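Counting from 1117, one number per residue, gives the positions in the sequence shown under my numbering.
Bear in mind the hints are in silico, worked out from the structure with no lab data behind them. Worth double-checking, as some hints may not be accurate.
[Stated by the list, open to error] Each pair of labels, with its calculated beta carbon distance range:
#  : residue 1 : residue 2 : range
1  : Thr1230   : Gly1168   : 32 to 38 Å
2  : Thr1230   : Pro1183   : 15 to 21 Å
3  : Asp1221   : Ala1188   : 20 to 26 Å
4  : Ala1144   : Gln1217   : 29 to 35 Å
5  : Ala1146   : Arg1211   : 15 to 21 Å
6  : Gly1170   : Arg1143   : 27 to 33 Å
7  : Gln1187   : Glu1161   : 16 to 22 Å
8  : His1184   : Arg1214   : 18 to 24 Å
9  : Gly1170   : Val1149   : 35 to 41 Å
10 : Glu1161   : Asp1189   : 17 to 23 Å
From a predicted model like this one, the values you see are computed outputs, not experimental measurements. Here a beta-carbon is modelled for each residue, glycine too, at the ideal position from N, C-alpha and C.
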Amino acid sequence: MSLAACRSGFASLSRAAARFAGAIARRAGATSVHPDWATRAALCERCPIRVGVGKVSYCGQPLHRKPHRDQADDGCGCPTREKARDPAEHCPLNRAHRAAQTHPDRCDCKWCATAPTPA
């Protein structure tokens, strides 16, 4: 395995560990939860790349099963309910099931495209 691939794998596992720590903090009430997380999670449940493993629903195959991935084709590998609860997260796909374009000022992911516009 090349050094670049090793670094890439380490980086994705490090991000996953940080997301896991955030999920634990959210469950403990230490951090905020997205106000419309249930709608976001429901969108994930209808997604064609969703994978159920045991009682947990994932965005594609779980990260530990497939560490090297193209998010548009394989999903991100995160548990969908925990990902939907995180206010900083975005769906990796847009409504056309292509790679979402996430920018600080606009995002075309499925979650942002279906979010109610602020009044």
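Hint check:
Checking the proposed 32 to 38 Å range against Thr1230 and Gly1168 shows it is violated: the Cβ atoms sit about 22 Å from each other. For Thr1230 paired with Pro1183, a C-beta distance near 30 Å fails the hint of 15 to 21 Å. The hinted window of 20 to 26 Å between Asp1221 and Ala1188 holds, with their beta carbons roughly 21 Å apart. Taking 29 to 35 Å as the suggested C-beta distance range, the pair Ala1144 and Gln1217 conforms, at roughly 33 Å.
Between Ala1146 and Arg1211 the Cβ separation comes to about 33 Å, which falls outside the hinted range of 15 to 21 Å. Checked against the hint of 27 to 33 Å, the C-beta distance between Gly1170 and Arg1143 comes to roughly 18 Å, which is inconsistent with it. A beta carbon spacing of about 18 Å between Gln1187 and Glu1161 agrees with the range 16 to 22 Å that was offered as a hint. Separation of His1184 from Arg1214 is about 20 Å and conforms to the stated range, judged on CB atoms against 18 to 24 Å.
Our hint of 35 to 41 Å for Gly1170 and Val1149 is violated, since their Cβ atoms are close to 23 Å apart. Taking 17 to 23 Å as the suggested C-beta distance range, the pair Glu1161 and Asp1189 conforms, at roughly 19 Å.
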